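**Q** Heads up: the sequence lines are chains Z and L, in that order. When we follow my numbering, the leftmost residue of the first sequence carries the number 2, and every step to the right adds one. When we follow my numbering, the leftmost residue of the second sequence carries the number 7, and every step to the right adds one.
Quick caveat, the hints were computed from the structure, so don't treat them as lab data. Do not rely on the hints blindly, as some may be mistaken.
35 Å max Cα-Cα, derived DSBU-like pairs, lysine-lysine [stated by the list, open to error]: (1) Lys335/Z - Lys201/L; (2) Lys274/L - Lys513/L; (3) Lys201/L - Lys593/L; (4) Lys151/Z - Lys593/L; (5) Lys106/L - Lys835/L; (6) Lys125/Z - Lys953/L; (7) Lys335/Z - Lys172/L; (8) Lys125/Z - Lys463/L; (9) Lys201/L - Lys172/L; (10) Lys151/Z - Lys851/L; (11) Lys953/L - Lys472/L.
Pair ranges (Cβ atoms, derived) [unchecked claim]: (12) Asp816/L - Thr108/Z: 45 to 51 Å; (13) Arg162/Z - Ile981/L: 47 to 53 Å; (14) Glu892/L - Ser112/Z: 21 to 27 Å.
Values in this document were obtained by computation on a predicted structure and should not be read as measured data. In this text, a Cβ means the ideal position worked out from N, Cα and C, and glycines have one as well.
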Amino acid sequence: MYACIHIPGPTSGVDLLAVANHFAPQVEVLGTGTVVFSLAGLRQLMGGPHTIASEIARRAHERRLDGRIGVAQTPDLAVLAAQTRPGATIILPGEELRYLGTLALRTLPLSEEALAVLELWGVKTLEEFCALPESGLSERLGLEAALLRKLVRGEWHRPLRIGRMGEPFEDVVPLEYPLEDLQPLLFLINRSLQQFCERMKTESLAAAEVVLSLLPPFELRLQLPVPSRDSKTLLRLLQLNLEATPPKAAVTSMRIAVVPIQPRQVQHDLYTLPAPEPEKLELTLQKIRGFVGADRVGSPELLNTHRPDAWVLQRLPNLDGKKASADRPQVTAKLAFRYYRPPREAQVELRADRPRVVRSRGVAGRVMECSGPWIRSGDWWNTQSWSRREWDVGLDSGGLYRIYQTTLSWFVEGSYD
Amino acid sequence: MLPELHAHSCFSFLAGSSSPEDLIAEAARLDIPAVALTDVDNVCGAPRFYMAAKKIGIRAHVGAEITRESGGRITLLVENRTGYQNLCRLITSMKLRAPKGEHAASDAELREYAAGLICLSREPDRLDWMVDVYGGHNVVLELNRHRERDQEALNQALCEESRRRKLPLVASNSPLYAEPGARELMDVFTCIRNKTTLREAGRLLERNGERYLKPEAVMTALFADHPEALWNARELSQRLEFTLENLGYQFPPYPVPPGETMNSFLWKLAEEGARRRFRPYTEKHQKQMERELALITKLDLAGYFLIVWDLVRFCKENRILVQGRGSAANSAVCYALEITAVDPIALDLLFERFLSENRGEWPDIDLDLPSGEQRERVIQYVYQRYGPRGAAMTANVITYRGRSGLRDLGKVLGFGEEELARVANCVSRWGFQDPEDSTERQFRQAQMRLEDPLVAKFMELYNRVKGLPRHLGQHSGGMVICQGSLDSVVPLEPATMPGRVVIQWDKEDCADLGLIKVDLLGLGMMAVLEDSVAMIRDFHKEEVSLAHLPADDPQVYDDLQRADTIGLFQVESRAQMSSLPLVRPEKFYDIVVQVAIIRPGPIVGNLYHPYVRRRQGIEDAACLHPSLETVLRRTLGVPLFQEQLLKMAMITANFTGSEAEELRRALGFRRSNERMREVEGRLRKGMEENGITGEVQDRIVQSITSFALYGFPESHAASFALLAYASAWLRVNYRAAFTAALLNNQPMGFYRPATLVKDAQRHGTRVVPVDVSVSQWKCGLEPGPALRLGFNYVRGLRQEVAERIVAERDRAPFRSIADLTGRVPQLRKDEVRMLAQVGALNGLKAGHRREAAWKAELAIRPAGPLLEGLEPLQEESPLQPMTPRERIYADLYGTGLTVGRHPVAFFREALLARGVTAARDLGRVPSGKRVRVAGAVICRQRPETAKGFAFYSLEDETGIANAIVKPQHFEAQRIELVSEPYLLMEGILQNQRGAISVRVERVEPLRFGPAAVVSHDFC
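Looking at chain Z on its own, in the form it has when it is part of the complex (with noise of 0.2 Å):
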């Protein structure tokens, strides 16, 4: 017999896991929230199928996983079951019909043009589906539509498809006294994703995220900008993290889970400057962070908008290859200017609706010569619409400023070199 368990809906994969992983070595994994595993053994040390099923639903809730169960004699059954039926169902051999009869054709994975040929002969549940003569229905619709028809009458036997993933990266630590210092649970820490570091060396992999859950309540997160299997380069991340933010109370217990992918490869270009190492880059920026605050670091880019100077953080470092914006504004002015930031309030006298004298902190004169107004405006459509006019003003006091108004005020923006 096989058990699967399907949690609808986002799901911790690494707490399903660890429910599949009491119950058997080897688990099948489908997707993020359906795992799939034999029962083979477990009659005798655990009891009957619906006595399995129970516990795995007690083990599962232990962890927070309300999912649906499913318990058959194939796994696809199994899979089907729990899919498709709510709590825990289990289908004995010669019962599959009963349970799973009148559930919809398009509960199966047929194509959309199968699905429209079987409406048209009136073919709507699986009973009737199954009911169709496996040669005709093959000769017909072809062997994926005859292998279903035998999944559903629990014909089609495969084996499990094991994948690396089956055992967690993952460890529990619980202590036998809280921890108040850093460093031993540093210690503990690195432990741990020295071993995980190693096998995912084994395999190929590369972490992607580290998770690290204290007790007290503590959660800390750390999604890595290029996949590491660095142990050292994880733990000083962690240790920079826990020192920016650290727990609020003594520790008495550990998990630390890491998310493996396949690492990236990467071939430099002959011709492109060295970046720096992206561990490295990391780190650095990780520091930072910790000093600046986390929201402050990144790298700036322009926003499409006629909105001067209007622009937003991005995070760094930007290893995903896109580049920034390719649509800038054209800039055609010969000077270069330098912008205030942010723009210095002024006082600005008019004389016939133009600037006559300005005084603002840094900036100040009678306006020798002016060009304008340069008008720009936008977002109407919304509550951030804008409208300013500008000016360039060159002072007596020597100097060539950009000066603006808004319905607020006026303002120096900034100064051309």
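Model the placement of chain L on the given structure of chain Z, informed by the hints.
**A** Structure of chain L alone, referenced to chain Z:
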């Protein structure tokens, strides 16, 4: 006074956001003396721009921005007529040689059509080429100042070039809209053009809102450092002498035999025709012919008549049914030339309604042709005869309206599909516009929060965009023909339909500018009549001549009086069905009246009810004055026709025919108070001279002035009545052939094919389903006679494949489904499955549809080289046959109709239990009694004239029940009434002399499965 020489209107199609009229109105407000309209690659807006400018006294210059192959656009202004002709030819040339929407002018084309054009340049790098092509005198450099810093570098470069090359500078604001507020719509149009949203558009949007028409004071301040640019703009405007006043359009002459002039040839043809058609040809006929021909000669219109005659001759020679409609039917000459089918002298019609000396307008002859291929043949004949650039269809400007505007705008503003669908559902699709049904109410009904600024902006923009052009379409039949080449009068462009060319102006523009249009209108019923006659000839071996149908067939009038008119021309609508039992037509002229009376005009003008009461003998059929007895007697004293108005004025106030026609036009929709007072004065004076005074005079004047708006041309009604009678006669005498022809010419008329088939079945016609062993592409007849549905009703089946099936079958009958698929390998899987689904394969050794589908599935699977050509083993199907209901729904899905039971029949017992009366039994229910009716909604109608009342037709297995929904009930149950395919309606039955309807008080949706018929919803 400073002109604006580079303006865009909304006819730049998404590159300008104000209408030509708005630009002119704003120019007038700002005292701008002249504006040049330079839309992108077209002069579509030029006529409207010119007409609006002419009224106000502004000079409307013509120009265009032309897209160049080498990139960018070049702005050209028309200096003189040569320049205009060149501009038109340039646009035509570049548009006709490229796929639609991908046009651009080559340098060679620009060079070829350069004369008479002035180039407005903002490209300092291309000035050598421009000066070379247009000449130094005709290149001017355009300075723009939109308050954008980046523009100044270009302006400086242009000034530099101006000094160096001695080319003049001109100042322009190059407006994209009339006033600053229209910038928002411009941004929206930019997004629609770039298929993006306002949020995503970024720097595609306008940098500011400065591209509006600016008055002289503002422009003077802007260009204070370049006063010569302002001066030059004034100078240049003076140089642009061309306006649309004189296009140089000429109607082509008709080639006549040697020794003949067009006049003599027309006289000869008319005389011959008159002797043939008027029998006996009396002195009265002769006098009328001479009078008409004399006027035609005097107005130099012989060529026009000959060209239309030539078209009719082509039709007759090619056995294409043709009939002139409209006021042309007033003319004895048109009748003699066989352009029209109604004898105007027998019907005492009035020639002046068609042609009068003082009108200064071309007569209007519209030809009705069978829609489809036959009409296309006539259109292609015109192209062939006058050359591809000598004739073209008129355009139809498709504007932003209702849902289209909503969707385009909503997407740009970032609203989701669901919200847009909600708002779209609340926008009225009906002719009736509830005065309280404002956009605001529609938005609120769609649960859009107007307090949200974005929603408020959406609504504001939606109101603004309504009526602005979206794209250029093709008018249904208007063709313009020109002496020489039409492309020197107006640019031509390819239509979406292959082989068609359209001009850039619509029919109103053509009328305003004096272009002559011949309407070649496709009339579905003409095709039905033609097809019916052919089928009767082929199947019954009988020859039916539509020109000589037996007059006044009692069975025809019996059907009309019982409103048994489904499928008939003009008299099949809900409103007609309600009216026919009351009016009870007894002779041909009654049909003429019937065609004319169920129109918005007579209903709004309150002419319908008096006529019906008089018809029923309830009211005295008194005429307004004894002298009008001859004119009004045949419409029982109620003036219904425009010709009657003319005659009333002629009799009572001594107007001549021309004066009377002038009076009609003065009182028409474009009436002005001053003009009305003037004609009323003349009318009264004339009446007084004839001793008609006091109350009688007032009543006659009131009658003439009010009904001038609503009257219908009697000649037009008579032409249509002929078709209505012919359709009724064929339906009575050859119902299967007539129904088959109706089915073959869908979509047309008021009812869907499903209803037409059910109606035929109720009248005893046997209708048999599609069968691959028997059916043709089109529906046809079989011994019985029975109507055999054609392959044209099988959803998704291609015509060429169906014809291949027929050809193979003619070679040898199909032995099995495998034989069919083997011999017609073009059949796609979906086509075979659909044939099985609708039962068309049952005859090929398949007991039922599912068995056919089972076998078909095997037959269409590739067998592989080893087994190819072998018949598959005959294996028994394991499938159950479809239930009767399944068969009906398979029919409805696969063919849009069923020859089996009506879907409602399956629920009859349950409906009876709920007290529902079948449609057939409503006649036995006393008037005033509460009833329940139920059925498939086959028609929803909420006409403009009905003050918010909605009219429903519910079809069940016994017939059709008509229901009327009051405005308050409609609003209360709008969702059910608008969207549910089956309804139960409860209300009070009204039976007025056989005109039965239910005044609905309650509506309930019925869950009967898929829609039996897709309802036809009318305005």
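**Q** Would you mind marking each hint as holding or not holding in the structure?
**A** Structure-based check of each hint:
| no. | hint | result |
| --- | --- | --- |
| 1 | Lys335/Z - Lys201/L | 34 Å, holds |
| 2 | Lys274/L - Lys513/L | 32 Å, holds |
| 3 | Lys201/L - Lys593/L | 59 Å, violated |
| 4 | Lys151/Z - Lys593/L | 74 Å, violated |
| 5 | Lys106/L - Lys835/L | 34 Å, holds |
| 6 | Lys125/Z - Lys953/L | 49 Å, violated |
| 7 | Lys335/Z - Lys172/L | 27 Å, holds |
| 8 | Lys125/Z - Lys463/L | 49 Å, violated |
| 9 | Lys201/L - Lys172/L | 43 Å, violated |
| 10 | Lys151/Z - Lys851/L | 31 Å, holds |
| 11 | Lys953/L - Lys472/L | 23 Å, holds |
| 12 | Asp816/L - Thr108/Z: 45 to 51 Å | 47 Å, holds |
| 13 | Arg162/Z - Ile981/L: 47 to 53 Å | 51 Å, holds |
| 14 | Glu892/L - Ser112/Z: 21 to 27 Å | 23 Å, holds |
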